[in-house]
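> Hints are included, so try docking the two chains, each in its own frame, into the full complex.
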Amino acid sequence: MPSPSTRPLGAELASLRELLASMSELVEAQVADAIHSMSANDLDLARQVRERDDEVDRLELEVDEHSERILALFTPVAVDLRLIIAAVKVNTDLERIGDHAKNIAKHVCQAEFPTMPVTGANLRAMADEARWMLRSAHEAFFRKDQVLAREIVARDQRVDRMYKEMLDALSNTGPDHVDKIVHLVHMGKSIERIADHAKSIGKIAVFLVEGVDIRHRSVARNAPETA
Amino acid sequence: METNERNGSPPAARGASEGAKVRVENLDFWYGANHVLRDVSLDIRANEVTAFIGPSGCGKSTLLRCLNRMNELIPDTRLEGRVLIDGRDMYRNADPVMVRRRIGMVFQKPNPFPKTIFENVIWGARVNGYKGDEAELVERCLRKAALWEEVKDRLHAQAYGLSGGQQQRLCIARTLAVAPDVVLMDEPASALDPIATAKLEETILQLKERYTIIIVTHNMQQAGRISDRTAFFYMGELIEADATEQLFTRPSRKRTEDYITGRFG
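Sequences listed follow chains V and Y, in order.
Position 53, counted from 1, in the first sequence is what this note's numbering calls 50; the numbers after and before it change by one each time, with no gaps.
Position 145, counted from 1, in the second sequence is what this note's numbering calls 1243; the numbers after and before it change by one each time, with no gaps.
It is possible that part of the hints are untrue.
Said to hold, decoys possible - Chain Y side only, calculated, beta carbon under 7 Å to chain V, not exhaustive:
no., residue
1, D1251
2, Q1319
3, P1349
4, I1358
Hints in this document: simulated from the structure, not taken from any laboratory.
The beta carbon of each residue, even a glycine, is placed where N, CA and C say it ideally should be.
In isolation and in its complexed conformation, chain Y is listed as follows (with noise of 0.2 Å):
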């Protein structure tokens, strides 16, 4: 087993435990020759926000990619090791479809479609055969993304004239509407001003209540504000994953605390 380069004892959190609400167990990923993902193994816990952080190039937003599997629709990948939900395998005897409405995602930039509110909202739900009282779930989706009260009276209105903040919120209540467990966020904020990314960081807060959210930030202020735990990522390696308290104080690993103290490169 790897030890702690400080004291020699286990660095924190690396194996697997009971419990775990997804399960990454001795994930290896290439792009072609490129091997960009090198024997992670992580747990993530139900209902917390687990935050993803380490240099552009570490391999974070390729592993939230797998989760989904969404790393699939690239040509010439390949992936070794399992992913886990709930201790089912994501990639074996599983549909890739069922796997991506499980497991949700947002990205960098806000990208809803070119509709209305009320469609955006709406569209995954219908695609996915919803039958349901469509108003009923775009209220209670927008109200969940802390969206509603900002367009609950023009929710017919384009959704490009939103701002950029609202259309990421409303980018999360799309995602929110095929009712997922697990919520994907890659960069959520790197787009939004300060105020927006408050609002946006709120809105994670409210909605680990219902789910479990894994977010990738390049900002460490923004990891240690919402997320309960945090992995740090070097070079395709997974080097520390702990409660993000005790990783942004008292790191166990050198090169974390190299890292988000700026002292790394």
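Extracted from the complex, chain V is given alone in its bound form (with noise of 0.2 Å):
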């Protein structure tokens, strides 16, 4: 029987591995790029993130078909299969993503001023935490750490928090900025919704180590206790 090392299935896993690693990593950069662009009122770099949002979209559609070939042809089970089912949902989370991330650069792109000083809620602030959480669900999905992977679907709770904050405090605002408090709310949604991503990336990380589905908890059968 073939070793781990040479087993045919094992390289394909350990490419579908790389390629959402890839997408992982793009996503990512888009993310911090929009923020960046949002923050210092970059156009350019704004229209960088929009144009690249198509290599997202590229890639996305690699990491499906690779999952597809694997599933007819090697039929995997147990922990191989979790990987698969992981990876495609993982996926999908981290398209959505970076459609938020073109998103917020297009807002950007559209306000034509700069847009951070218009609010008195901490805009930044929850863009950073949204960050923290998607490198960490990065972490916590490649190094199967499901610890952290918990600490990420706890900590979303903060920036949702941080968004009724946002939206409290805009709606305080005069009407003189409506303009900008438009853009404004689009974004904050933008960056709560990346970190509702994570979350879920996060709860794929547990599923992925521990066989465990900790999501949609009250309908969900034979719960544990701790998850």
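Shown next as structure tokens:
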């Protein structure tokens, strides 16, 4: 029987992981650049983010095709099967994160004025938090670190709270800034959604490592007590 | 008690439980000095398909043959432990012929007799003194084996004229004709093409309504498709036995996972 390093399925799975890691790193870079373009009102950088989204979409198709191929040819089971399922799900989350990065960049371009000083709410801190979650989701998934993965899941509440605080702050802003507020709300929502997708990747990392699905706890069958 | 390698809990379904159709208790078996089964305890539930999997030489076929005392036919063998069917010990105060009638067997390669289809099915029943309506019994068994529609117009043709898959289903019909409770199958689809395999698997799933079926297979996907429970053996030991879905998605033993994912060896 082939050893782990030489078995054909092992090579295919390694290739899938590499592809997904490339996708994850590209999406992280997109988010970082989108946030930076927002903070610095860098329209050139915002345009680059929008253009690079095609690359994210291309990688999404590639990960899905590779996963489908492995399922069809190797009928994996157990931990190998979980990796394929997880890869397909993470792939979807990453692509959506890429869309949100593009969306932030779009609003930076459309606003045509510095957006950050308008609000007293801490949009930058919220973005930092979302970026930490995304980076940690990458590490949790690829290092199979379920402790970190659960920490990400818990951390999302902080972003949700910051987003709510931002909306409260904006609602107290005078009518003179309506145009700016619209853009800020969209960008804030995108950051909040990026954090949601990072949380989703954290849950998938738990599934990958432990074989336990911690989504939808109220309706899940055999939900573990400590998940 | 042995514990789960991953979470410290007891491994699934190792010990005996109430209501088993077949119970194997602390079974050891030797071919001469070769100790091929080691302290195997396992319960097989009625009206389920149980698959035995494991690498070549792990003891799964030996265990299968222990269940109906086929290994007794091999010289210089020794068995310790118990095999019970419905609570009755198959090795103590039991007639081997009765045991093999209650526990039928289908082999890896289809092995019809050089006789007609009809004679193949009725043969075992006649030997066991069947005095009923032979035509009715043959039809009933061929229907159960999902072969009737394909052979009803040529019952008196030679069995060798059937395809491999049909021959294997004929062997199943022949086994059913002596009214067993349990049907053992030793890699029954290994010589069949995918279409014949699919038909055989369909037949097995239909049979479990009336029979308890134990199948040895090297085909992981086949075990996944047709069995309710799966037992994994390695070097004569039962490593893990559990619901098939559980074993193929979240095996509790690392060694099982390594085997079913091909990391083993």
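> Against this structure, judge whether each hint is valid.
Hint by hint, here is what the structure shows:
| no. | hint | result |
| --- | --- | --- |
| 1 | D1251 | 39 Å, violated |
| 2 | Q1319 | 6 Å, holds |
| 3 | P1349 | 6 Å, holds |
| 4 | I1358 | 5 Å, holds |
Taken one by one, the earlier hints fail for this structure only at number 1.
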